[in-house]
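> Residue strings, one per chain:
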Amino acid sequence: MITAHQGCMVPEEVYHKDPQVKEGMQFGDYVNNRASSAPTPLSSTSDDEEEEEEDEEAGVDSSSTTSSASPMPNSYDALEGGCYPDMLSSSASSPAPDPVPEPDPTPALTTSQSSKIAKPFGYGYPTLQPGYQNATPPLTSGAQPSNTVYPGFQQYAQQYPAVNQLSSSLGGLSLQSSPPPESLRPVNLTQERNILPPTPVWAPVPNLNLDLKKLNCSPDSFRCTLTNIPQTQALLNKAKLPLGLLLHPFRDLTQLPVITSNTIVRCRSCRTYINPFVSFIDQRRWKCNLCYRVNDVPEEFMYNPLTRSYGEPHKRPEVQNATVEFIASSDYMLRPPQPAVYLFVLDVSHNAVEAGYLKILCQSLLENLDKLPGDSRTRIGFITFDSTIHFYNLQEGLSQPQMLIVSDIDDVFLPTPDSLLVNLYESKELIKDLLNALPNMFTNTRETHSALGPALQAAFKLMSPTGGRVSVFQTQLPSLGAGLLQSREDPNQRSSTKVVQHLGPATDFYKKLALDCSGQQTAVDLFLLSSQYSDLASLACMSKYSAGCVYYYPSFHTTHNPSQAEKLQKDLKRYFTRKIGFEAVMRIRCTKGLSMHTFHGNFFVRSTDLLSLANINPDAGFAVQLSIEESLADTSLVCFQTALLYTSSKGERRIRVHTLCLPVVNSLADVYAGADVQAAICLLANMAVDRSISSSLSDARDALVNAVVDSLSAYGSTVPHLQHSGLMAPTSLRLFPLYVLALLKQKAFRTGTSTRLDDRVYAMCQIKCQPLVHLMKMIHPNLYRIDRLTDEGAVHVNDRVVPQPPLQKLSAEKLTREGALLMDCGSVFYIWIGKGCDNNFIEDVLGFPDFASIPQKMSHLPELGTLSSERARSFITWLKENRPLSPILHVVKDESPAKMEFFQHLIEDRTEAALSYYEFLLHIHQQICK
Amino acid sequence: MAFTFAAFCYMLSLVLCAALIFFAIWHIIAFDELRTDFKSPIDQCNPVHARERLRNIERICFLLRKLVLPEYSIHSLFCVMFLCAQEWLTLGLNVPLLFYHFWRYFHCPADSSELAYDPPAVMNADTLSYCQKEAWCKLAFYLLSFFYYLYCMIYTLVSS
Chain B
1 MITAHQGCMV PEEVYHKDPQ VKEGMQFGDY VNNRASSAPT PLSSTSDDEE
51 EEEEDEEAGV DSSSTTSSAS PMPNSYDALE GGCYPDMLSS SASSPAPDPV
101 PEPDPTPALT TSQSSKIAKP FGYGYPTLQP GYQNATPPLT SGAQPSNTVY
151 PGFQQYAQQY PAVNQLSSSL GGLSLQSSPP PESLRPVNLT QERNILPPTP
201 VWAPVPNLNL DLKKLNCSPD SFRCTLTNIP QTQALLNKAK LPLGLLLHPF
251 RDLTQLPVIT SNTIVRCRSC RTYINPFVSF IDQRRWKCNL CYRVNDVPEE
301 FMYNPLTRSY GEPHKRPEVQ NATVEFIASS DYMLRPPQPA VYLFVLDVSH
351 NAVEAGYLKI LCQSLLENLD KLPGDSRTRI GFITFDSTIH FYNLQEGLSQ
401 PQMLIVSDID DVFLPTPDSL LVNLYESKEL IKDLLNALPN MFTNTRETHS
451 ALGPALQAAF KLMSPTGGRV SVFQTQLPSL GAGLLQSRED PNQRSSTKVV
501 QHLGPATDFY KKLALDCSGQ QTAVDLFLLS SQYSDLASLA CMSKYSAGCV
551 YYYPSFHTTH NPSQAEKLQK DLKRYFTRKI GFEAVMRIRC TKGLSMHTFH
601 GNFFVRSTDL LSLANINPDA GFAVQLSIEE SLADTSLVCF QTALLYTSSK
651 GERRIRVHTL CLPVVNSLAD VYAGADVQAA ICLLANMAVD RSISSSLSDA
701 RDALVNAVVD SLSAYGSTVP HLQHSGLMAP TSLRLFPLYV LALLKQKAFR
751 TGTSTRLDDR VYAMCQIKCQ PLVHLMKMIH PNLYRIDRLT DEGAVHVNDR
801 VVPQPPLQKL SAEKLTREGA LLMDCGSVFY IWIGKGCDNN FIEDVLGFPD
851 FASIPQKMSH LPELGTLSSE RARSFITWLK ENRPLSPILH VVKDESPAKM
901 EFFQHLIEDR TEAALSYYEF LLHIHQQICK
Chain S
1001 MAFTFAAFCY MLSLVLCAAL IFFAIWHIIA FDELRTDFKS PIDQCNPVHA
1051 RERLRNIERI CFLLRKLVLP EYSIHSLFCV MFLCAQEWLT LGLNVPLLFY
1101 HFWRYFHCPA DSSELAYDPP AVMNADTLSY CQKEAWCKLA FYLLSFFYYL
1151 YCMIYTLVSS
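Protein chains in written order, with this note's numbering: chain B, 1 to 930; chain S, 1001 to 1160.
The following block holds chain B by itself, in its conformation from the complex (with noise of 0.2 Å):
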């Protein structure tokens, strides 16, 4: 399942490793999910029609319902049935009858349901479990179950799983005080130099029994701060750690289970999903684990067609996944779903022409215009704009596109409503036209006005009928029309150590459109490619409220900035071709106690527990804030559930469906062993941010440090008789002042270093919307030394053999003259090369024959036949996979004046403005201390 992590780029649709396969996946709708989903042994895919045929034929031998009694612990066999349309008939006719007898209550109900819904239903459902699938015997079809060599009485004998998990965990928690658990092993921080680990920060693995544990939605999607929720609010309190959840709801799978169903099982007072932590009370009724309502079973839920059988509720894919997606019915759309619609606002005053970003754009544009994720219906729109706004006219039949301008911004109104949004597809050559004559068109402009406000006016009236995405290029201060902007940075106040003014908008015009947008289910994303100030925290708004997302590329410039320009075009092919979401609303739920108060991410909060997203990506996070207002002293598990409804690029209305099942502790030590730092770290952060906001940064900085002492503290009392000699730290928090400090050095909170005002604010942007695995990156860089690579604990990826070299600290003492270090910041990859470094390795990996012939700006490995070159190759492709921004690569010299870039992460060392890794452990000593 954590492999999964590998292959996150593939479309969620895609589960088969079979390439063959995800060709079709790729246009994903269910009769190919259905198709797909056959050669796995596991899938199954049912429809209605046959499950009637099924409950009829169950129903003739009616002899009993205590299907327990059944020998059929997992029969798998059953799921040969292909139910694709053109395997129905003969699957249906087969004469294999269900070798589970059970009673059809309803016949006459079922049967007038299969003559009134046509549309087949059913279940596209992958292999999930590979514990099952070694116990499962293989398949051939048409084999009777009951021939089947039974994998193992324990499981039949675990009638209601849920049940004996609840009991079960019950008694894994009493246990757990017995011997102290690794995570809490105080550690001296004063005294352990090495202090990060060799290998990367997995997430702390919640306390449960082994089947809850296996069930448990991935940490990659859904993480909370604390995997032991205290009891109460005031242990929580006395804990002084955060508590929160962070978020990754529509993260690319390489596995999901697509569930279609006419009911789709959810809490009578709750609205909870089905999920695999609910408790059966018996064979016809649930219990929440929410609200803790006891529901009744529906009857389609009693089949399962995974096992073909009948009776078996807690065998469904809803309760055996974490994570699932269902296809909503009709219920979930009050109109139809809106089709895929896509419009590009230009920035094409001479700024921006000069900086060359159209023809990258249009480019890039043109290559993946087949893999705009869409259907037939999708539609497409432009329009650029300097100081007059430029539409284009696509209509079908015209002989080339049209361009009609409007220079009245003061009051913008649309020529010709109908053809500028046009359909992809009746359209293509007048949109491969236009976008072969784009770059071309402005060369010779003088206009240095940007009417940027007039013309996102205008794309919103363009985009209100249907809602869609809104890309914004802009590259200067809006200068024109509504939404103008001054410049507010002083440059001399970069590197000040007090106030840092300006990190809120200066106009709530963008505020006010993106609010607007969002009504109308519509999201901007921004790409900022400026070279001066361009006021980021104004703009940045009209993505922030509208579920958008941005992207920024300080002085960008095609020729004189190549590194930006390749960064550009790959992060535009990610854009294109990433899955979409439309009109979605994501709801978070959590057990009777807990409460949600500050949401972070780019959203509208539109009651108190519902962020509507105009469009939601695969590379958005999110992060909630938690409370705990009831004792939650009568519960031993806390869940939290996540549904992401939404509509697909091709027109179905979806749920992605996440559920996290977490134990309660009543003891701090226990609080403490359980803390997730990393989780911790990003909530945070993302504290922080909202507070240099709505305070100052000063404050926010303060804030950070104070959670480090205050916790540390607060760990230091709880344990009485350690020695007081140097700052202790459980070890689940033993990275905690490193984080922390990281934190404080990063762009968005640092202060006395020189800062752009436009790179705080867009780190604050990424810290507020990357999902943690990203964040982390950014936090606290990787450093790799890759000048001996070996293979040795290598790993094997796709037939790769990519070496694991260690983690080294963040410090100078690191960087040794004969050495070559690969720092992984997240989008910007460093290769230092020290001055001493062997020969052979600069021949081998970079193709130079010694250091001093190196280029002082080089951003390739050459692709040499040497294995060092191959290893170092192998082992940067695969650090670039499964990034929402493709990190640029950046040769450093020892000497070069480069180097500062590389130098600023390297986070444990002194600095003029800043502490070095000891110093500040012992400020933070010295403050407990006190």
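Treat the hints loosely; a few may be bogus.
[As the list claims (entries may be wrong)] With a straight-line cut-off of 27 Å between C-alpha atoms, the simulated DSS-like cross-links for lysine-lysine are:
#1 B:Lys240 - S:Lys1133
#2 B:Lys512 - S:Lys1066
#3 B:Lys880 - B:Lys814
#4 B:Lys214 - B:Lys287
#5 B:Lys461 - B:Lys512
#6 B:Lys238 - S:Lys1133
#7 B:Lys315 - B:Lys287
#8 B:Lys777 - B:Lys814
#9 B:Lys592 - S:Lys1133
#10 B:Lys857 - B:Lys835
[As the list claims (entries may be wrong)] Derived Cβ-Cβ restraints for the label pairs, each shown as a range:
#11 S:Trp1103 - B:Gln501: 56 to 66 Å
#12 B:Ser631 - S:Trp1103: 28 to 38 Å
#13 S:Tyr1105 - B:Asp418: 45 to 55 Å
#14 B:Gln501 - S:Thr1036: 33 to 43 Å
#15 S:Leu1093 - B:Asn188: 55 to 65 Å
Hints listed in this document are in silico derivations from the structure and should not be mistaken for laboratory results.
Computed from a predicted model, the values in this text were never measured in an experiment.
Ideal placement from N, C-alpha and C gives every residue a C-beta, glycine not left out.
We have chain B; now place chain S onto it with these hints.
Positioned in the frame of chain B, the structure of chain S alone reads:
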């Protein structure tokens, strides 16, 4: 029985206090409206409803913003009147709220003029519950002071 300036002040404040009570009740209703979306969950997910809901939120926030200044100025007017009428006890009772209002009004984040009751900011469960509590406390305060002013008015009218 004499109609003094103090008596006049109390009379006027009685009337205005009624207005403030009305404001407070309106605030409570408004925050409740913001907090809960009364539609069924499936309706809530409907894009058409989304638009209505958003408009609603914006309208409420707009009204809330409009009401800030009248409320604060009415209350400040009380304080000025009681100061002029030399009703020290009444003034003393009102001064804490006056300072609170000043703090609320001027303790806005930098850079923005309109951040009070800004839709994205106010739709935060923490902020909402704070505002709700604030509104309930004010309602209680205004109600009590209404009866206090009534008593004081009669007292001043009768005593002198």
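> For each hint, tell me whether it holds in the structure or not.
Here's how the hints hold up against the structure:
For a cut-off of 27 Å, the pair hint linking Lys240 of chain B to Lys1133 of chain S stands: about 25 Å separates their Cα positions. As the CA atoms of Lys512 of chain B and Lys1066 of chain S are separated by approximately 17 Å, the hinted pair is consistent with the 27 Å bound. Under the criterion of a C-alpha separation no larger than 27 Å, the hint pairing Lys880 of chain B with Lys814 of chain B is consistent with the structure, at around 23 Å. At roughly 21 Å between alpha-carbon atoms, Lys214 of chain B and Lys287 of chain B fall within 27 Å of each other, so this suggested pair holds.
A C-alpha spacing of about 14 Å is found between Lys461 of chain B and Lys512 of chain B, which places the hinted pair at or below 27 Å, so the restraint holds. This hinted pair checks out: Lys238 of chain B and Lys1133 of chain S have alpha carbons roughly 25 Å apart, not beyond 27 Å. In summary, the hint linking Lys315 of chain B to Lys287 of chain B is supported, as the alpha carbons are separated by about 16 Å, within the 27 Å threshold. Between the alpha carbons of Lys777 of chain B and Lys814 of chain B the distance comes to roughly 19 Å, so the proposed pair stays at or under 27 Å and holds.
Of the pairs offered as hints, the one joining Lys592 of chain B and Lys1133 of chain S holds, with about 22 Å between alpha carbons and a cut-off of 27 Å not exceeded. With a C-alpha separation of about 16 Å, the suggested pair Lys857 of chain B and Lys835 of chain B falls inside the 27 Å cut-off, and the hint holds. Restraint check, Trp1103 of chain S to Gln501 of chain B: a C-beta distance of roughly 21 Å breaks the suggested window 56 to 66 Å. Separation of Ser631 of chain B from Trp1103 of chain S is about 34 Å and conforms to the stated range, judged on CB atoms against 28 to 38 Å.
Taken as a hint, the range 45 to 55 Å holds for the pair Tyr1105 of chain S and Asp418 of chain B, whose Cβ atoms sit roughly 49 Å apart. Separation of Gln501 of chain B from Thr1036 of chain S is about 37 Å and conforms to the stated range, judged on CB atoms against 33 to 43 Å. The given range of 55 to 65 Å is respected by Leu1093 of chain S and Asn188 of chain B, whose C-beta atoms sit roughly 56 Å from each other.
Hint compliance for this structure: hint 11 is the single one not met.
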